[in-house]
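There are 2 protein chains.
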Amino acid sequence: MSAIADRPQESIEPMMLYMGRLAREAAAELSHASTQRKNAALEAMAAKLEANAAKIIEANQHDIEGARKKGRDAAFLDRLALDGKRIAAMAKGLRDIAALPDPVGQVMESWARPNGLEISRVRVPLGVIGMIYESRPNVTADAAGLTLKSGNAVILRSGSESFLTSLVIANILTEALIEHGLPEAAIQLVPTVDRSAVGYMLAGLGGAIDVIVPRGGKSLVARVQEEARVPVFAHLEGVCHVYVQASADLAMARDIVLNAKLRRTGICGAAETLLIDSAAASTHLEPLVGALIEAGCEVRGDPETQRADSRVKPATDEDWPKEYLDAIIAVKVVDGLEDAVAHIARYGSQHTESIVTEDTKAAEEFLARVDSAIVLHNASTQFADGGEFGMGAEIGIATGRFHARGPVGLEQLTTFKYVVRGSGQIRP
Amino acid sequence: MSAIADRPQESIEPMMLYMGRLAREAAAELSHASTQRKNAALEAMAAKLEANAAKIIEANQHDIEGARKKGRDAAFLDRLALDGKRIAAMAKGLRDIAALPDPVGQVMESWARPNGLEISRVRVPLGVIGMIYESRPNVTADAAGLTLKSGNAVILRSGSESFLTSLVIANILTEALIEHGLPEAAIQLVPTVDRSAVGYMLAGLGGAIDVIVPRGGKSLVARVQEEARVPVFAHLEGVCHVYVQASADLAMARDIVLNAKLRRTGICGAAETLLIDSAAASTHLEPLVGALIEAGCEVRGDPETQRADSRVKPATDEDWPKEYLDAIIAVKVVDGLEDAVAHIARYGSQHTESIVTEDTKAAEEFLARVDSAIVLHNASTQFADGGEFGMGAEIGIATGRFHARGPVGLEQLTTFKYVVRGSGQIRP
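Sequence lines, in order, name chains A and B. Here the working numbering is used: the first residue of the first sequence is 1, the next is one more, and so on. Here the working numbering is used: the first residue of the second sequence is 1, the next is one more, and so on.
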């Protein structure tokens with residue numbers, strides 16, 4: 001571990017507050033940096049990451065060794081590991097962000113008043129983003145790229161196991177900022193693995209942090225949501241539902257259910273519960289449950305589902321709110337749309353839910369009444385993704401109700417102000 | 001005071017949590033109530049307020065008597081007092097809200113993906129609003145009207161001095177809800193003046209409150225901003241600036257400065273500081289300061305301003321961040337746009353600032369760089385108002401960076417969800 005990371009704890013609070021002040025100053029400068037300059041810096045970052053791949057991999061080897069000594073499992077070590085291909089992917093990510101439109105300065109709407117005032121609502125950066133993440137060192141580059149393009153300063157807090165890799169990456173990114181005349185403090189990595197740093201960030205660094213974005217496991221997100229005194233863009237979990245009605249095309253329902261559950265089981269948009277309408281129990285229940293089981297999925301069902309297929313295990317009350325993130329699904333027969341909506345309201349996580357039906361009226365009622373960030377009709381829940389929405393890169397998915405809801409991309413990292421152009425108007 | 005308001009304190013927390021649960025249930029129902037039904041209820045509320053004017057005024061007399069006994073001053077008693085005219089104004093406010101477009105269900109944007117998915121961003125209610133206010137009982141009706149129309153439930157916390165008036169008004173509003181088949185708990189008044197109720201609301205009532213809106217003096221807003229664990233729509237103060245450049249038309253600058261400062265001195269959009277560019281010191285400083293003084297405004301200036309007019313009092317460091325809300329203005333000579341922007345960043349409250357200049361390039365730079373909710377060119381800061389922006393009624397003005405910034409009207413009381421319509425799409 002580097003010397004700076006081992007500095008005594010009593011010096012952490014003033015250091016963190018100082019980082020916050022530097023970030024605030026950088027944000028003020030960055031808020032009116034030109035698109036061209038930001039893009040040039042992003043391109044330079046990409047090139048520098050590739051040119052310094054050996055240095056990054058060397059630091060990464062130290063991190064991996066440390067994590068292995070701590071007894072971290074294979075999945076953890078895989079998330080942590082970087083090679084040439086992964087570094088190239090990071091560089092590509094930065095180039096992709098450079099190619100996206102700059103949200104800053106975009107006019108969201110404008111109108112004229114009878115007195116001649118011209119009013120516009122214009123996108124401006126949020127300010128300072130606090131990014132708290134765990135083992136994936138690529139988040140350093142992804143988050144820095146998105147925040148830079150959207151005109152925000154970022155304070156990055158890397159997990160301790162990926163600290164050295166993140167430090168090398170952050171230093172490379174900072175070099176590119178300086179070379180392109182952008183404020184060095186626009187991208188700062190917390191230079192210590194001391195856990196108290198997270199607490200200071202969650203308290204907002206004396207008003208310097210505008211929003212916290214956690215990226216990592218459920219315990220990290222839960223702590224951030226519990227303790228943060230500033231807004232948080234996050235989702236704790238994605239307990240996503242697919243609701244199949246009797247009018248659903250069976251082949252379509254099968255495709256959607258299998259895709260929603262099994263395409264990738266570890267992502268937040270994966271379906272965790274299948275609700276079958278009682279009117280569809282005799283037609284859709286058995287084939288859908290059979291298809292899931294034959295595709296290798298464990299099915300935990302209510303009594304009616306258990307009767308439909310002897311391979312179904314009994315579901316308990318713990319299954320309905322469960323995010324398996326695995327090839328397991330809970331299946332329940334519900335009594336009409338009202339019951340489906342009530343089940344989702346009670347057990348869901350306001351993330352993503354889909355209805356499969358040929359009844360357009362029922363679909364529209366479901367879309368209107370289910371209170372989730374994303375609601376779909378006749379499509380897989382696995383589309384819950386900024387890229388699939390056409391937003392380009394995303395920093396995560398938010399299930400809160402404020403400001404950013406659903407995929408958090410460049411636009412969601414901005415706020416707005418009202419710009420009013422007059423010709424001497426005074427208020428009567 | 002009524003018996004319910006005097007109930008022992010230990011019963012307050014469960015009562016508040018219960019109100020929160022009722023509000024959450026009401027919000028779920030209200031989120032898909034028809035525009036027609038909401039408008040009919042609003043019209044009925046207006047009619048009922050007028051029909052029950054005598055009853056409201058009787059309760060108000062009790063409140064006024066209590067406040068007088070507590071030694072409240074004339075301004076306080078005036079804010080508290082209702083008469084037939086003020087009740088008619090409340091009723092008109094509700095009818096105006098009924099006439100505004102319903103934001104719920106509005107499609108903010110929509111686009112198609114190459115795979116045929118149709119994605120829309122659709123406005124939905126925020127959920128449950130916690131409204132904490134002081135002496136003005138009309139806030140009961142104004143806030144209930146705006147939250148109802150935007151599909152939100154509201155928990156109203158009236159100041160103790162206006163409690164009886166607010167209670168009578170809230171009961172009348174609830175009657176109209178019931179008569180129109182809307183959930184009774186969509187509008188709830190906290191039935192106690194015990195101050196601990198505010199603390200429970202600021203803690204969010206176990207996740208039941210989505211946002212707090214304070215309406216009242218600076219100490220109330222400061223407490224809410226300090227203690228709230230949920231988002232807050234508010235402004236603590238409006239230290240608004242007018243910056244005059246050398247190219248400004250002198251007559252226009254005089255009109256704007258006088259209007260911005262003196263039209264109404266007690267509103268948050270009133271100017272508190274005048275910045276004169278050093279290049280304009282010989283041409284604009286003396287006439288503008290003279291005009292202010294002759295209009296009855298006290299001027300506190302830096303040394304250069306003091307030299308320009310012997311009637312100018314010396315400004316101290318305490319004047320620059322001061323919100324006078326009175327016929328007093330601080331005046332400073334600044335060295336160019338950079339210096340003006342830096343002064344505003346240091347002492348301003350991110351509320352509303354105006355530049356007066358004929359130099360369009362300088363104006364655009366000011367509009368881009370000043371980080372306030374509202375920035376104006378050649379117009380009075382007193383336009384900082386939802387009505388003047390054409391938004392219809394407003395619940396307040398927010399200076400935070402999140403979600404609602406500037407006037408908070410119906411649209412700002414909504415959030416959005418993504419509605420995705422497919423034809424069987426699965427993710428590859």
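In case anyone wonders, no lab produced these hints; they're calculated from the structure. One or more hints might be untrue.
What the hints assert, rightly or not - Below, simulated EDC-like cross-link-like pairs (lysine to aspartate or glutamate); rule was C-alpha separation at most 20 Å, straight line:
#1 A/Lys361 <-> B/Asp96
#2 A/Lys313 <-> A/Asp326
#3 B/Lys361 <-> A/Glu118
#4 B/Lys361 <-> A/Glu29
In ascending order, which of the hints set out earlier in this document are inconsistent with the structure? Of the numbered hints given earlier, the structure breaks just one, which is hint 1.
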